Amino acid sequence: MARESEILDEIKAEYVKDLLKQNKRVDDRGLMDYRAFSIEKGVFPNAEGSAMAHLGDTKVAAGIKFDIVKPYADRPTEGVFTVQAEYLPLAHPTFESGPPRENAIELARLVDRGIRSAECVDTASFFVEEEKVLGMFLDVYVLDHNGNLADCAALAGMSALANAKFPKIEDGAIVRQEFKGPLPLARHVVSATFEKINGVPILDAVSEEDTASDGRITLAISSDGFLCAAQKAKSAGFTSDELLSLFDVAKEKTKPLLDAVQK
Amino acid sequence: MEKEKKKLIVDGKRVNGRGFDDLRPLKVTAGVLKRADGSAMIEWGRNKVLAAVYGPREVFPKHLSDVKKAIINCRYSMAPFSGMEEHGRSGPNRRAIEIGKVAKHVFENAVLTHQFPKTQIDISMEVLQSDGGTRVAAITAASVALADAGIPMRDLVQGVSIGRVEGQLIVDLDKYEDNLGEADVPLIVSLRSKEVLLFQQDGRISREELQKMFELGFKGAELVRDVQVQALRQRYFETGDELNNHG
Amino acid sequence: MKDFIVPGEVVYDQPRRFDGSFVDREKTFASVLSVKYDDRVVALKGLYTPVVSDYVIGIIKHELFSGYKVDLNSPYIGMLSSRDLRERFEVGQVISVVIRMADEVKEAELVEPRRLWGGRVIEIPAVKIPRVIGRNNSMVSLLEQYTGCRIFVGKNGRVYVKGDNTSLAIESVMKIAREAHMHGLTDRIKSFLEDETKAGHLASEIGSPFQASPSPETK
Numbered sequence: 001m002a003r004e005s006e007i008l009d010e011i012k013a014e015y016v017k018d019l020l021k022q023n024k025r026v027d028d029r030g031l032m033d034y035r036a037f038s039i040e041k042g043v044f045p046n047a048e049g050s051a052m053a054h055l056g057d058t059k060v061a062a063g064i065k066f067d068i069v070k071p072y073a074d075r076p077t078e079g080v081f082t083v084q085a086e087y088l089p090l091a092h093p094t095f096e097s098g099p100p101r102e103n104a105i106e107l108a109r110l111v112d113r114g115i116r117s118a119e120c121v122d123t124a125s126f127f128v129e130e131e132k133v134l135g136m137f138l139d140v141y142v143l144d145h146n147g148n149l150a151d152c153a154a155l156a157g158m159s160a161l162a163n164a165k166f167p168k169i170e171d172g173a174i175v176r177q178e179f180k181g182p183l184p185l186a187r188h189v190v191s192a193t194f195e196k197i198n199g200v201p202i203l204d205a206v207s208e209e210d211t212a213s214d215g216r217i218t219l220a221i222s223s224d225g226f227l228c229a230a231q232k233a234k235s236a237g238f239t240s241d242e243l244l245s246l247f248d249v250a251k252e253k254t255k256p257l258l259d260a261v262q263k
Numbered sequence: 264m265e266k267e268k269k270k271l272i273v274d275g276k277r278v279n280g281r282g283f284d285d286l287r288p289l290k291v292t293a294g295v296l297k298r299a300d301g302s303a304m305i306e307w308g309r310n311k312v313l314a315a316v317y318g319p320r321e322v323f324p325k326h327l328s329d330v331k332k333a334i335i336n337c338r339y340s341m342a343p344f345s346g347m348e349e350h351g352r353s354g355p356n357r358r359a360i361e362i363g364k365v366a367k368h369v370f371e372n373a374v375l376t377h378q379f380p381k382t383q384i385d386i387s388m389e390v391l392q393s394d395g396g397t398r399v400a401a402i403t404a405a406s407v408a409l410a411d412a413g414i415p416m417r418d419l420v421q422g423v424s425i426g427r428v429e430g431q432l433i434v435d436l437d438k439y440e441d442n443l444g445e446a447d448v449p450l451i452v453s454l455r456s457k458e459v460l461l462f463q464q465d466g467r468i469s470r471e472e473l474q475k476m477f478e479l480g481f482k483g484a485e486l487v488r489d490v491q492v493q494a495l496r497q498r499y500f501e502t503g504d505e506l507n508n509h510g
Numbered sequence: 511m512k513d514f515i516v517p518g519e520v521v522y523d524q525p526r527r528f529d530g531s532f533v534d535r536e537k538t539f540a541s542v543l544s545v546k547y548d549d550r551v552v553a554l555k556g557l558y559t560p561v562v563s564d565y566v567i568g569i570i571k572h573e574l575f576s577g578y579k580v581d582l583n584s585p586y587i588g589m590l591s592s593r594d595l596r597e598r599f600e601v602g603q604v605i606s607v608v609i610r611m612a613d614e615v616k617e618a619e620l621v622e623p624r625r626l627w628g629g630r631v632i633e634i635p636a637v638k639i640p641r642v643i644g645r646n647n648s649m650v651s652l653l654e655q656y657t658g659c660r661i662f663v664g665k666n667g668r669v670y671v672k673g674d675n676t677s678l679a680i681e682s683v684m685k686i687a688r689e690a691h692m693h694g695l696t697d698r699i700k701s702f703l704e705d706e707t708k709a710g711h712l713a714s715e716i717g718s719p720f721q722a723s724p725s726p727e728t729k
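Chains as they are written, first to last, in the working numbering: chain A, 1 to 263; chain B, 264 to 510; chain C, 511 to 729.
Don't read these hints as lab results, they were simulated from the structure. Bear in mind that the values here come from a model prediction, so they are computed numbers and not experimental data. You may find that some hints are simply not true.
[Unchecked claim] Pairs of lysine-lysine residues, derived as BS3-like cross-links and limited to a Cα-Cα distance of at most 30 Å, are as follows: (1) B:K325 / C:K579; (2) B:K297 / C:K512; (3) A:K255 / A:K234; (4) A:K24 / B:K297; (5) B:K297 / C:K665; (6) C:K546 / B:K482; (7) C:K571 / A:K24; (8) A:K253 / A:K232; (9) C:K537 / B:K457; (10) A:K253 / A:K234; (11) B:K269 / A:K165; (12) C:K512 / B:K332; (13) B:K297 / A:K21; (14) A:K255 / B:K297; (15) A:K165 / A:K132; (16) C:K672 / C:K708; (17) B:K269 / A:K180; (18) C:K665 / B:K325; (19) B:K475 / B:K438; (20) B:K457 / B:K482; (21) A:K41 / B:K290; (22) C:K665 / B:K331.
Starting from the given sequences, assemble the full structure and let the hints guide the process.
Here it is as structure tokens:
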């Protein structure tokens with residue numbers, strides 16, 4: 001039964017294209033509007049930072065754990081930061097359990113690149129002692145997939161980071177549930193993903209719009225207005241003018257998200 | 264002995280303030296996910312578990328299908344950030360795979376599988392935050408998710424874990440009590456048939472204690488069931504716009 | 511009086527057999543979420559399984575050498591044999607079809623396929639369909655009268671709507687689905703339709719209706 005939702009999405013995709021000819025969307029949004037979003041921070045207090053992000057009906061949870069790890073040989077005093085994403089089988093009828101596939105890997109790397117490039121976290125402060133640094137693990141958990149995972153995952157990941165607390169360390173070990181204070185963040189970063197349907201770009205696609213689209217661009221925007229990660233996907237191309245104007249739109253439209261993350 | 268050093272029971276009360284057969288605060292919300300055919304979130308003490316159901320649907324791969332009944336697949340998994348301790352592995356570990364298996368047996372009993380031959384029903388239970396008793400919480404949530412999906416069942420199953428600390432039987436152990444206690448018995452029951460559907464145990468238990476544990480388990484299950492019913496009622500019965508003024 | 515019933519609750523002290531229930535030790539229990547009125551049990555949830563001579567709305571899922579696999583919004587797939595077919599279908603097309611045979615493993619054999627051109631299809635739980643149809647088709651007639659739409663109701667929970675005011679028709683169907691277990695439904699739908707058509711504007715659409723198929727001209 002549920003596997004048929006794919007077919008339904010394809011039929012709905014036709015409807016999406018028809019509506020778009022009149023500049024309309026299935027849910028009456030403007031072409032460059034996000035769906036309603038919300039963030040719940042600190043929802044999983046066992047984690048050192050956590051958040052749940054809702055973007056329309058798409059839901060992503062994120063959690064941060066710190067561990068003591070060995071530094072990379074070439075950066076002996078720097079901490080380690082890793083992002084993993086999981087497409088849970090409960091999020092979509094076609095998701096299966098098993099090792100992460102390319103979509104989950106792409107999603108994790110996209111979130112990772114945004115946070116890393118924006119230099120949100122100072123990993124130099126993660127040094128503990130010789131051969132010991134803090135490892136920060138951000139796990140992004142896709143719970144309900146109804147389009148635009150990239151932006152919802154970035155929002156959840158960034159919110160978990162904004163909620164994170166710097167662990168207390170004694171004798172080279174983490175004292176769980178005791179903290180030095182909030183994890184200092186230099187800035188914040190979220191993303192804006194556009195789908196191109198019959199040449200028309202739209203922001204924050206729902207599933208049937210995703211199915212209808214043949215080009216996608218994700219732009220990660222930092223709170224100081226820089227582009228920090230980009231990923232172009234699917235077959236359709238974008239002109240440089242298109243990309244530049246989408247950058248402008250992204251800067252404008254991510255403002256409320258960045259505000260909410262910092263609250 | 265170390266167990267004597269950290270007292271779990273002081274002045275006839277558990278150190279967490281609960282009486283011996285008090286449950287932690289329990290809340291269930293049905294229909295929390297849009298995509299899934301049925302879903303539920305359970306918040307039980309500090310536990311948070313999300314359960315979802317897909318199906319019945321065509322069996323994949325096909326040779327696994329059963330012409331007499333639906334097959335049930337259960338996944339139980341803990342998020343890498345769900346525990347108080349270090350970062351966990353993603354995906355089910357050996358413990359989680361075992362729990363998935365015993366959960367599957369629960370639902371093979373509860374679901375009227377013969378009504379849907381040659382199909383599969385996929386049940387996912389994701390522990391997002393853990394604090395003892397997650398398997399019981401997960402199955403209790405999955406039971407609500409199945410009802411939410413409209414899958415016919417013999418009963419809405421549920422349970423609670425019973426344990427013994429410092430010689431005293433207690434209901435609904437948290438992680439601390441589980442770690443330091445002497446025995447832990449997660450139970451899932453059908454109140455309708457009065458059968459035990461999940462029963463795992465460790466620790467040394469006498470016959471008398473076991474009997475008392477079952478009594479406490481069925482008593483606890485009644486409280487849990489009320490919360491499940493309330494969750495489903497809220498989703499399907501009290502949400503009609505003017506419902507309370509009609510009928 | 512009405513009660514909310516969950517799976518495993520006794521609904522009758524005698525054995526009775528109907529959808530959404532089972533009999534154990536001479537008593538009848540609900541197997542799905544239901545509402546019990548004085549002496550009537552109405553399922554709130556339930557899945558469609560093919561029943562002989564049901565009219566349903568299917569979507570072509572696969573083309574096979576011998577015919578088509580048709581999605582029926584059910585755990586089970588329908589088979590449409592190409593033997594007696596005069597027209598060919600494509601994957602994704604929406605058809606109305608009749609169930610000619612359903613065997614013990616629920617494989618459904620379909621006949622009398624008719625393409626549903628244009629229009630829109632929505633899905634509601636199959637257990638709500640009798641309320642959308644109404645006694646002697648009364649609800650469908652009411653909807654058609656007020657919306658100027660042609661409405662075809664598939665027993666499998668799909669409703670096809672084509673005509674003037676498809677948005678109002680769809681919204682009304684969703685309202686019926688939401689309030690199917692409540693008393694005085696016909697009156698309430700009637701006054702809803704009166705209000706909406708009088709006001710001359712529509713509330714926004716609910717759910718995500720999809721187009722049954724692109725119209726033949728655009729193909």
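Comparing the hints with the structure gives:
Taking the CA atoms of B:K325 and C:K579, the gap is near 16 Å; set against the 30 Å cutoff, the hint holds. For the proposed pair B:K297 and C:K512, the alpha carbon gap of about 28 Å is at most 30 Å, so the pair holds. Between A:K255 and A:K234, the direct Cα distance comes to roughly 27 Å. Compliance with the 30 Å bound is thereby established for this hinted pair. The suggested pairing of A:K24 with B:K297 holds, with an alpha-carbon distance near 23 Å, which does not exceed 30 Å.
A hinted pair counts as satisfied when its Cα atoms are at most 30 Å apart, and B:K297 with C:K665 qualifies at roughly 23 Å. Straight-line distance between C-alpha atoms of C:K546 and B:K482 comes to about 26 Å, which keeps the hinted pair within the 30 Å bound. Simply put, C:K571 and A:K24 have alpha-carbon atoms about 28 Å apart, close enough for the 30 Å limit, and the pair holds. With a C-alpha separation of about 19 Å, the suggested pair A:K253 and A:K232 falls inside the 30 Å cut-off, and the hint holds.
A distance of roughly 16 Å separates the Cα atoms of C:K537 and B:K457; the hinted pair therefore holds under the 30 Å criterion. Of the pairs offered as hints, the one joining A:K253 and A:K234 holds, with about 23 Å between alpha carbons and a cut-off of 30 Å not exceeded. Of the pairs offered as hints, the one joining B:K269 and A:K165 holds, with about 28 Å between alpha carbons and a cut-off of 30 Å not exceeded. Note on C:K512 and B:K332: the hinted pairing is violated, with a Cα-Cα distance of about 33 Å set against a maximum of 30 Å.
Note on B:K297 and A:K21: the hinted pairing holds, with a Cα-Cα distance of about 28 Å set against a maximum of 30 Å. Proposed proximity of A:K255 and B:K297 is supported: the alpha carbons are some 27 Å apart, at most 30 Å. The straight-line distance between the Cα atoms of A:K165 and A:K132 is roughly 19 Å, inside the 30 Å bound, and the hint therefore holds. Of the pairs offered as hints, the one joining C:K672 and C:K708 holds, with about 21 Å between alpha carbons and a cut-off of 30 Å not exceeded.
At roughly 27 Å between alpha-carbon atoms, B:K269 and A:K180 fall within 30 Å of each other, so this suggested pair holds. Pair hint C:K665 plus B:K325 holds up; C-alpha atoms about 27 Å apart against a cutoff of 30 Å. Note on B:K475 and B:K438: the hinted pairing holds, with a Cα-Cα distance of about 22 Å set against a maximum of 30 Å. For a cut-off of 30 Å, the pair hint linking B:K457 to B:K482 stands: about 11 Å separates their Cα positions.
Among the hinted pairs, A:K41 with B:K290 is consistent with the structure: their alpha-carbon atoms are about 19 Å apart, no more than 30 Å. Proposed proximity of C:K665 and B:K331 is supported: the alpha carbons are some 25 Å apart, at most 30 Å.
Checked against the numbered hints given earlier, this structure breaks only hint 12.
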